[in-house]
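Model the placement of chain X on the given structure of chain L, informed by the hints.
One line per chain: the protein sequences are L and X, in this order. The first sequence maps to residues 1 to 986 in my numbering. The second sequence maps to residues 1 to 986 in my numbering.
Take the hints with a grain of salt, since some may be wrong.
Said to hold, decoys possible - Pairwise CB distance ranges, derived in the manner of DEER restraints:
hint: 1; chain 1: L; residue 1: SER487; chain 2: X; residue 2: GLN251; range: 52 to 62 Å
hint: 2; chain 1: L; residue 1: LYS807; chain 2: X; residue 2: SER417; range: 55 to 65 Å
hint: 3; chain 1: L; residue 1: GLU955; chain 2: X; residue 2: PRO719; range: 37 to 47 Å
I should point out that these hints are in silico values taken from the structure, not numbers from a laboratory. Here a beta-carbon is modelled for each residue, glycine too, at the ideal position from N, C-alpha and C.
Number of protein chains: 2
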Amino acid sequence: VSYTNITQGAKEHEEEESAEASRRKTPKSPNMGTLMGVYLPCLQNIFGVILFLRLTWIVGMAGIMQSLLIVLMCCSCTMLTAISMSAIATNGVVPAGGAYFMISRSLGPEFGGAVGLCFYLGTTFASAMYILGAIEIFLKYLVPQAAIFHATDTLGSDSAMLNNMRVYGSICLSLMAVVVFVGVKYVNKLASLFLACVIISIVSIYAGAFKSLTHPPEFPICMLGNRTLVRDGFDVCAKTVIKGNVTVPSQLSESFCLPGNMSSAHCDDYFNQNNVTEIQSIPGLGSGIIRENMWSDYQRKGEILEKAGLQSTDAHGAMENFGMYVSADIATSFTLLVGIFFPSATGIMAGSNRSGDLRDAQKSIPVGTILAITTTSLVYFSSVVLFGSCIEGVVLRDKFGDAVRKNLVVGTLSWPSPWVIVIGSFFSTVGAGLQSLTGAPRLLQAIAKDNIIPFLRVFGHGKTNGEPTWALLLTGLIAELGILIASLDMVAPILSMFFLMCYLFVNLACAVQTLLRTPNWRPRFKYYHWALSFLGMSMCLALMFISSWYYALVAMVIAGMIYKYIEYQGAEKEWGDGIRGLSLSAARYALLRLEVGPPHTKNWRPQLLVLLKLDEDLHVKYPRLLTFASQLKAGKGLTIVGSVVQGNFLDSYGEMQAAEQAIKNMMEIERVKGFCQIVVASKVREGIVHLIQSCGLGGMKHNTVMMGWPYGWRQSEDPRAWKTFINTVRCTTAAHLALMVPKNVSFYPSNHERFTDGNIDVWWIVHDGGMLMLLPFLLKLHKVWKKCQMRIFTVAQMDDNSIQMKKDLAMFLYQLRIEAEIVRMYYWYNSNLTYIYIQASLYSQWHLQAQLVKDRHSLVRMGSLYSDEEEEVVEAPPEKVQMTWTREKCEAERRNRNNAPENFRELMSLKPDQSNVRRMHTAVKLNEVIVNRSHDARLVLLNMPGPPRNTDGDENYMEFLEVLTEGLERVLLVRGGGREVITIYS
Amino acid sequence: VSYTNITQGAKEHEEEESAEASRRKTPKSPNMGTLMGVYLPCLQNIFGVILFLRLTWIVGMAGIMQSLLIVLMCCSCTMLTAISMSAIATNGVVPAGGAYFMISRSLGPEFGGAVGLCFYLGTTFASAMYILGAIEIFLKYLVPQAAIFHATDTLGSDSAMLNNMRVYGSICLSLMAVVVFVGVKYVNKLASLFLACVIISIVSIYAGAFKSLTHPPEFPICMLGNRTLVRDGFDVCAKTVIKGNVTVPSQLSESFCLPGNMSSAHCDDYFNQNNVTEIQSIPGLGSGIIRENMWSDYQRKGEILEKAGLQSTDAHGAMENFGMYVSADIATSFTLLVGIFFPSATGIMAGSNRSGDLRDAQKSIPVGTILAITTTSLVYFSSVVLFGSCIEGVVLRDKFGDAVRKNLVVGTLSWPSPWVIVIGSFFSTVGAGLQSLTGAPRLLQAIAKDNIIPFLRVFGHGKTNGEPTWALLLTGLIAELGILIASLDMVAPILSMFFLMCYLFVNLACAVQTLLRTPNWRPRFKYYHWALSFLGMSMCLALMFISSWYYALVAMVIAGMIYKYIEYQGAEKEWGDGIRGLSLSAARYALLRLEVGPPHTKNWRPQLLVLLKLDEDLHVKYPRLLTFASQLKAGKGLTIVGSVVQGNFLDSYGEMQAAEQAIKNMMEIERVKGFCQIVVASKVREGIVHLIQSCGLGGMKHNTVMMGWPYGWRQSEDPRAWKTFINTVRCTTAAHLALMVPKNVSFYPSNHERFTDGNIDVWWIVHDGGMLMLLPFLLKLHKVWKKCQMRIFTVAQMDDNSIQMKKDLAMFLYQLRIEAEIVRMYYWYNSNLTYIYIQASLYSQWHLQAQLVKDRHSLVRMGSLYSDEEEEVVEAPPEKVQMTWTREKCEAERRNRNNAPENFRELMSLKPDQSNVRRMHTAVKLNEVIVNRSHDARLVLLNMPGPPRNTDGDENYMEFLEVLTEGLERVLLVRGGGREVITIYS
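Bound-form chain L, shown alone:
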């Protein structure tokens, strides 16, 4: 048999490491068939120590039916995993290396690393389990005299045994590590010998079982009442023996009675009242013992093994704690047994691990693995039935064969001799331990060499002889942990967990890829289905939680931590992970979901499109725009950064990419999380229009545009700069988007500054949807603006009841839950301007303002005169007024609205240029007031009037804005889009 247990991936690493000499060697052509390459290695890996040391005990405790259930659960779990694994393994040229390579290359480095380490830990603990098993065979059945620690009393016998295990286990581990370090080749040579041992042992069990049909072997057990006696220290199973015609008390009686005095008064109560009987430990296949072993008989710790059929008089004997009876050494339950049995089903990866050696991996791996699992499952099923139908229940439940003169229980059944199994299982267990100890460091080395887990880097190095020394050392240390636990029954569930985690991920990988229908998911193995993988995944999860929910949680936390660590370290490996496909699907689903309806006004939040200007060297001209955007978003919501490159698209691909990179770098610096969109257009203005139209996708559309002020437009001879600005303002209006123009953006605070005091002043002149109220609130969520106070300035008529107004506004703000200082109403000279409490859409706003304006000098015209949107106003369906302070006011306003248009039209009949001088006067006056009150404010928010309809007035408009904001350090001009609303409702 010419296979080895080293994964091919690890081998490759070794080969790489070995010097030139090996390079000159022609690589062996892969030429193994299914039998040698997959079937037999799988077989050897699956069969393990549990079959020999614990299966009889499991059958005894759980009964045949529940044992079959345990075997069925474990084997169907591995079978389903094998199916998923076959699909993954046949999806393309199989990468050399086992589960780790398969998962990491198909689900990405994070999952791969987590699974790889789980598999590594599982294999490491498996080596500990094998060593413990070997020592158990050695100390219990081969050379019991070798024990170092001896129990001083019966209670201490357990701990003495555990200490023996620890000492011998550690010695054995060290020896094995040395063997692995020195001579891997010899270990691999012996693989076939180990396999032979296993097969011979199993055959001898079958032989023994069938022989028992006619000639059951002679292993009498001695019962006192219905209690099983430890067959130790007495020969004859009777109360008295006839010694030279005299009936004298037997050795048995002597141990139950006070020495020297054999009268019943000085003997144990239970001994007195019950008879001693001798029964056969192996009644044989034909005896019908199967009926007694059919159902479970779980025990509490220390419970004495009793045979149900025998008569027993209940009496309270004193000898119960004295080691005379065979008792259960641990409490058993179905769940515990699942955890102990599961390691017998692992090892299914052995075939895929040597994919590199196979002639036709895509055929051999599925066929060989599934055949091997079928074979082993059949052996387990038949063994369970045979054990149950050949062996007496109390013997089955007797874990260490105390009742049968400390023979291995399964050994008593075997033919020709118990020694076949004892020696066979010893060697196979030692071999399995050696192989685990060989495989685990190489797996660790392979993971370390992938460099996805930086702190493992040291384990990637090997010595000149190719041995991964450090990895071996770590493996030894972890295995030593397992050995210090010392109990096979405690270690088995631990390794079950890690293997189950690994299998879970294999199933997950298959299910995810099938469901996502990635185009590269085309496994040659056709008999997979996502439902099977999903079932397998559920079974893995179920088995984990069944066998031990806290271990399961710990294993999952470990796997999760590894995952997060690798993600945090930012594994650069781009292995084309399936998770990316998952993200894609998730993003698509989320976007489609968002698109269902327009967002409710309650949910309105600014989704920014920031229009950046780039200079000739493709540097961002005003990076503070980005800073301000990041402060406004405080890390939440959508931000798209758009820019236009002037040129012809067919020639400007490179320039476009450079610009994108520049902007992305700047976004990184300013900590803006969002997307970048560059457009090449022959005219900047055109590019901006297209950006405003087509940025975003589905429900992720911008609703607010942020752009810089065209500084120096007065000096520039080229009118394009401010023409583009005004055009953009018009576009945002046409697209119903809100607009923000931070002026003097270079004076805006960086993300490192902190305002410890000062005000954010809102000049609430046009009482629109409330965006002016919302923006300071959002800004104050960011730490730069946190300490600022918000002040609201509003404008009143001379004859208004200002006290009541202020009270009303305060109440309104209270209900809005926005904390702001309301500054005493500012009285506008002799205007009869009034303030409007309504939160209306843009349209109704114009209506109302138009209706309310009586004096043409009034301030509100600033907003209304420039907009010139009368047609749209008339055409637009009257949108519902969203909120008023009270119901009455709302109704009053609604009534007013009906007679609005006439006034409005009258107003509009004025030629725009007629009022230019007056308007400018208004701007100067208002600016005076604002500078007077807000000169020391950290930020001043102002309504931005709409641009004139005729392009003739453009220059005046720009001048108007300049005059309005003159002398203020930081101004944010805001223009609502008609949809943004702040409500008093939640």
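Then chain X, alone, in the frame of chain L:
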């Protein structure tokens, strides 16, 4: 006290229903303060029957420490929920109505409906619990004689009691329903009376407890050995009594011995061997009994209550099952007690339910609710300690007070008389039942009126008197279910589940909104934190699973089903749900995650941008393009449908929206799940360039453009149609996108057709990245094309080893895992064209082809000559060759590549027009061959040559394509973008 138990929302409905009369009434101004409006109603709702009927028993079983833990868990859970609720309730004007309104308006109808129904079911079962409690008080303590069923033997006493409960419970429920139906007003009037009962009862407990410090009440209990005797049927607690100077056996002895024979031989064994003692049931506060009651003493079912301190001789008496001893009626455990106690902590929503009546709801709700919870928690804590330190353990554990002459246990402690508590608790319980029965139908009515759960619609109607008759009927039926369960201890965990579900969602709503930082989340109540809400959520979940994991699962499944049902019904309510914010965050996160790196070639899949043409009426011209796109995607991956509207953006908003609607409708019809993007541009060509540039967002970008063929370009006099076509082809090339042009798209199959046979023929002429191989594979995933066979035609040189070639290709396809028939190489006349095995980027493709072309008549020129991209080829960094069949071939090709440019340049020096005639000849020849071989194919896939660089050749290029595809029914012209690759690796 002028509060009612009806939610304000339900009230509003009532008011609406009542006729004009009520409309004329001026609405009562909300004027309740914190005390009357929130604190007292909460107090009354929280205190309940459990305090009187079960708390002593809980203290007895769980011990003081664990009882405190239970109280702490339940109360901290409700306290955390109250904090979350306060935040939600103070976020804006509080909507009238309770938890249902709050949740549905902040998390959306799905969650709202699920929570509302959970709350409804909880309230309904609460009414059942109150009725059962009232009946228990009535039958056990008030009028025991009223029992209808009597136990025939002791074993049957439980079931007799249950049957009594069922009968009386049903009667009581009917009566209450009638009362509710007839006179809600009276019920509400009595609310203050019920509260008074509760408060008096609690005060009497405290009074009794403190009185016990000096004068403990006299309630002797009789013990036999350490067992507690049922104080029933005997007066004197002694074995003998002295009757007229003669010592005669007491009544007690008579019941333990055979009648008439009082000698010890005929008496019960245990009775003989143990003494009878009498101890005080209430040793009082100062007795130190607290030490005995400190720790838990859980019982199995039927276990006899024993006092630990008393002496007892163990003997097996015959009377154990004869009702002489007080025994546990159910098995108890910590988890069970949690479920039973929890209803005592519910009721915290009572305050927020009457938000409409409050003067300042934003202040009163948090303060009142939290104060009420604090008060009740303190009462519970102190009660636990007082009970534990005043009452004897066996009495505490005695659920029905059997040992104290069937007195209510807590009654024995109270002062001045047990009757205070018995009567007080009876009335308060009846009152609570009435109120639950009043509140539940109104809640159901409110949910039904929201019309989010269609099948509940009938319950929205009320009768003329405002009573929700049908809802009351349903509530009665569900409550009857609870009453048929008959045991308070079984019903309590059920309602716990529903309330916990409700609280869980309240916490979830608060946590989600806090974490999402939605701008409209500005609660006035500041002392919330997402971590607290999260903790509360976890506690709810933990309590659910602690008290009963299967009930928990059932409750969650019910809630989940309601959620899914409402979602499925497509609730139209747009309440601005927080879940939308969650989708937004999820989409943004997923998109940002996708953007991290370019996708791995392995993950490449077509992400389509379908360019649709609209006619003048804005109808889709070739809807089959969409059909084909949907077939190609088979429901997965990204599809963006783009179209251009010609015009000026400032004027075309309406047209744009109409076009979008038209396309969306068509997408719906053709079942294309994707996004739609309309662009208004002055020229169509410009619009298309911008679409190609700026569609998609972040990682969701298209990589393939699909467009129609400009049919009738030859007839049309306007050259724009085909100029636009060629320009788009050039753009896709510049943007490195793949291009697909289905020709004769109207003949393509609809989604309803099924091809049962036939071929998809691939003419693999330019051996590019493998897109030609991938597309048929993807198409075959759709059911229309499933049954088609894929055939690959490729071209070879005359002198090639065609057998070997075919074998190689077959092997290649095997490793690709694509099933296709390879058609015998087609020998191109005397060309020395060769085929290339490489899967290279577009650039390297051109390189290689140029290098390999020796004869200028060869076919490959079709690809290379037209492309004319030499500069870009030279500039572009040599991209890595992605895959070759074997390593050697790859290296050979790489070597070849190095001397490619020279040949290429030589080739390119030819003027394009020189070879026009020859090229056309090539096209005719090739077309002949294709038609000959593939005339009956279902679909023919062809490489599309690149357009000429000089626009002069455009017309020739179009002609060339026409000739090439002439006579074929369905042709798909494919042009790779250089990134799409099919790999043999997984």
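Consistency of the hints with the structure:
1. For SER487 (chain L) paired with GLN251 (chain X), a C-beta distance near 60 Å keeps the hint of 52 to 62 Å intact.
2. The hint said 55 to 65 Å for the Cβ distance between LYS807 (chain L) and SER417 (chain X), and at roughly 57 Å that hint holds.
3. The hinted window of 37 to 47 Å between GLU955 (chain L) and PRO719 (chain X) holds, with their beta carbons roughly 41 Å apart.
The structure fails none of the hints (numbered hints given earlier).
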